[in-house]
Structure formats: C-alpha cells, structure tokens
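All chains, full assembly: derive it from the sequences and hints.
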Amino acid sequence: MSAIEETGAALPREKTDVWPVLLPLIVAAAALPFVGSFSTWTTLTIAGLAMGMMIFAMSSGLTLVFGLMDVMNFGHGAFVAVGAYLAVVALAPLAVYAQSDQILVNLVALVPTALIAMAVSAAVGFAFERAFVRPVYGQHLKQILITMGGLIVAEQLLYAIFGPQIIPLPVPAALRGSFLVGGAAIEKYRVIAVVVGLIVFVALQLALTRTRIGLLIRAGVENREMVEALGYRIDRLFVGVFMAGSALAGLGGMMWALYREQVHASIGGEMMVLTFIVIIIGGLGSVGGCFIGAVLVALTANYAGYLAPKIALVSNIALMVIILLWRPRGLYPVTSR
Amino acid sequence: MSEALLTLSGVHTHIGRYHILHGVDLVALRGRTTMLLGRNGAGKTTTLRTIMGLWRASAGAVNFAGASIDRSATPDIARAGVAYVPENMGVFGDLTVKENMVLAARAGALDEQRLAWIFGFFPALRKFWLSRAGLLSGGQKQMLAIARAIAEDHKLLLIDEPTKGLAPAIVGALIEALTDLRRAGATIVLVEQNFRVAQDIGDDVYVMESGKIVHSGAMDALAADDELQRRLLGLNLDSHQ
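Note that the protein sequences, when read in sequence, are chains G and D. By the working numbering, the letter at position 309 of the first sequence is numbered 300, and the numbering carries on one by one without gaps. So the working numbering is basically just the index in the second sequence, starting at one, shifted up by 1457.
Misleading hints may appear alongside valid ones.
[Said to hold, decoys possible] Computed beta-carbon distance windows for the label pairs:
id	chain 1	residue 1	chain 2	residue 2	range
1	G	Y150	D	N1497	56 to 64 Å
2	D	D1568	G	L304	26 to 34 Å
3	D	D1637	G	G231	33 to 41 Å
4	D	S1515	G	G154	16 to 24 Å
5	D	S1525	G	V102	39 to 47 Å
6	G	D8	D	E1633	33 to 41 Å
Since the hints were derived computationally from the structure, they do not count as laboratory data. Treat the numbers as computed from the prediction; the structure is a model and nothing was measured. We treat Cβ as the ideally placed atom computed from N, Cα and C, and that holds for glycine.
The structure is reproduced here in structure tokens:
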C-alpha cells in the first residue's frame, strides 16, 4: 500500500456537535402537540421540508460567497428572480411535455428547464460579479449599497422585459395533486422539491469534501491569504463559486416559482431577507449550517403559519434571535472568523 | 560565495497609515539559511509578508531568482518558487493533515518519495495523517505548516517564528528538521526570536530595528560577540540558558 493511504488517525476522537442537527427534529416534535392532528402535522412538516430545500438551494451559494471573499451580496435575490422567469420562458415551448400526465414526460420538460435556468443564472452571476462585486472587494458598506442597487436594476429589467403583472406558472400535470398517506395529504411537488434539495445538498457536500476545488474552497473560507500563498488564484476560484452559487439560486427560484405557481420580479427581494436569515443562523460560510438553517426557518414558518398566522410574520426573525443568543456566530461557525 | 537568490533593496512598506519598513536591504544567498532577528515590532514579519506580496512595497525593489517580484500577486510569487510559513502557521484546521498536504502539492499528486522524506522529519504527520488538522497540537501544526512548504520543490522558504510558543522538546525536533533541510540544499529566510535556535541553524544574520536593518553579517560572528548581541538584541546568551 502507498504511504499516503496506509496511515490512520490516532488523535482523540472529536466530539461531534449534534445539537444543530437535532434542532429541526426537536422543533418538529415540539410542534406536534400544538398542531394536535397527526395528519395535519405531517402535511405541515413535509411542506416545511420542501420549502426548506428550496431555500437551501437559494442560500447555499450566498454563504460560500461570503465565507470565501467576505462579500456581502445583497443582489443574490436577482438570480432567484432570473431563475423564476426562466422557468416561464423555458417551459413555454415544452408545454406539451409539461401537460402530459406521465411523470417521465414531465421531466422531459422540467430537466432542461432547470438546466437552462441554472446556466443563465450562472451567466448573469458572472456578469454581476464583474460589474458590481469585483470593484468593491473588501469594502462592506459599498458592497451592500452596490449589490442592493444591482438587485433593483435586475428587478426593473425583469419588469421591463416581462411586464409588471404576475405571470401564472402551472406545475406540470403529473406533479399536481397529493398522495394520501394515512390521512395526511402530501403534495407530489413537495416530494420532488425535497428530493431535488437533498440531491443538491449531497452533491455540494461531496464536491466540498472529495474534490480538490472543494478543498480549496473550504481552505479559502478558513484562510484566504494562505491559499494564495500556496500559489492558488483565489479570485478565479471565487468567480467560479459565485457562478455556481448563482446557478443554485436560479434553480431555487425556478422551483419556488413552480411551487407558488406564479412568477413576479419581487420574488428576488422577498427571498433575499429569508436567505440572509438562513445563512446567519447556519453560520456564515458553512454549507451544513445553511442546510439546517433553511429547514429550521421553513419548518418554523409553516408551523407558525398554521398555529398563529400573525406570529408567522416574525417567526423567522424570532428564530434567528433565539439561535444567535444560543450560538452568537450561528449553528456551525467557520473556525477563523 | 554563493549567488543571491533574493534581494531586497530599499524596501519601504506602509500598512494603512503606518510606515513600517524604512528601506530594508537584505540578500539571501542560495543554499544558505538567513536569519532575521530583532525585537517585537521591528518589522520582521512585515518584511516576509512584503516579499510574499501580502503587503505591497511602497518603494524599493524585491528581486527573486533574477526577476522583479515587488509588483507580483501572491499566487504568482508562490508559483515562482517561494514557500511561506506564516507566524500563525496558516494551517487549514477544517481539513485533514492529508488534505492540507494535497493542497500544498499544487502541481499535482503528492510524490511518495518526497512524502516519505517529509515523514522522516515529522513522524507525527504520518500518525495523524487522516485527522483534522485543527485537532493537532501547536507543535504538530507547526510541523504541518513546514511540511506544506516543502511538499514541492521551492527555491526559497520563508518561515516566520517557527518555535514560538512551542515546548523545548519540539523546538529541538524543529531545529533538527531545519538543519536537515539546509543540508539538503534549501534556501531559507527564517524569522526567529529565540537566539539559541538562530545560532544553531543560521548561516547569515540580519538584525532589524524600527523597520531598518541595523546589522548584517555571519551568524557565527554575532554568536561569538556577546557585546554586540547585548547592543542589538538586548540579551546575551547566558541570560537565556
């Protein structure tokens, strides 16, 4: 065997930090007695998970962009909006497939739509990075101002192209309706959203732990200077991460639009607040924390929306305050910050 | 006399509105270990960071292997053949020891032979190969930081205070490793506060004071001159034994 592989770890075992992972389970379990009916609770929980996965897709890029380059990108919502509109544009010519009641035929419409949404969002992300982000590296206030400005410009451009009205976007035929499992109605589309979200999460984790680029990203989040001192051009890496993050935001936007069955440019601004709450809860720079944060935010919003609709408006902020009181740097703080 | 690999001439560095380096002149000769000594705040770390391109020289020239590098970006300086071990070691704590080394071997796969050679210096790294580097002790992290710098062939090693805060036994192992490296032909610029360490491994020595070089010469000569040491560094050997 080679010298590289033959040796093993002999350090004292690390205490794994499981509390953040248990948190969504605790929240779900705690909500059950209040909701009362098990079938309603199941429906709410699945809805929360689906929503969480979509929010995760939208936020994951943002947390890496901040972690890697300290860039506060308040324009990230623009990519969500772009993804949502692309769902409309790309699905239109594929409508025949979308109207079929065969799920496989629906996928013939959905998969290319998702790929187009991601590709265009990535391209928009590239342009956005060059035009708005690159000139203000290392200057937080300017980043906030200019990226927010970028979001407004993007929103207005979408209005100019597609008009200010809400555009309906029906879910493909075979994905409409619900399964009935033990009296609980589970919307098919939500199941798909959960599956897609899990695929994104697993793929991201694999990329970050098994590939050289992933290692570089994690190393860069921890110590940017040292990555450069090893001879890697972190600005190029950053552009790549920015584009990948934009692509995921576009995917999330497309899924969200289909979930709500309508598209409007204001989706970008709406999701922006939510994604920031998620990445702060998760710990800036942490993909795992972002995943748990997204699920927590969505579950809380769903339970609160059912139990006390008025409180639902502030449930995200309340959740963030509680988490930060417990862990001021988020669930999984990245070591060097 | 061997040829100069690295030459700093009249280098000034500003950090924000602070003027840290006031015209540093320094030559590191190929195949030799050049010590950079001086009190805290004298500008030793800033000098290394300026060479590495992490601070930009506001005036003066830095030449490395025949090319000017004072306007180059850090990754390009690294690619030109300079390896850097910062004062805080810069170990990626979230990554395993192996992953740290994989990233250090930028040009491609880790070379088995070289790895065996590195493990020879730092056996602990083999033992903890698959552990998260953040769990290593301070001394082990320092070993990893140096191992990373020698994972590939570099023309020059810049090492900032490797013995800082380490237990005496580990300092001994480090001195041995650095001496072996020198014997293997490495060119090293080493910042060190511990005069005994400096004396053991240095060939040439520069002493800094308030952002300037105030003494340069052979390490042996400084080591033999208690009076000079007292004047330059405010210490003599006896007080450190």
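Consistency of the hints with the structure:
1. Y150(G) x N1497(D): 56 to 64 Å: About 59 Å separates the Cβ atoms of Y150(G) and N1497(D), which means 56 to 64 Å holds.
2. D1568(D) x L304(G): 26 to 34 Å: Given a distance of about 60 Å, which is not inside 26 to 34 Å, the answer is violated.
3. D1637(D) x G231(G): 33 to 41 Å: Given range 33 to 41 Å: holds, Cβ gap about 39 Å.
4. S1515(D) x G154(G): 16 to 24 Å: At 54 Å between Cβs, range violated.
5. S1525(D) x V102(G): 39 to 47 Å: 53 Å, violated
6. D8(G) x E1633(D): 33 to 41 Å: Given range 33 to 41 Å: holds, Cβ gap about 38 Å.
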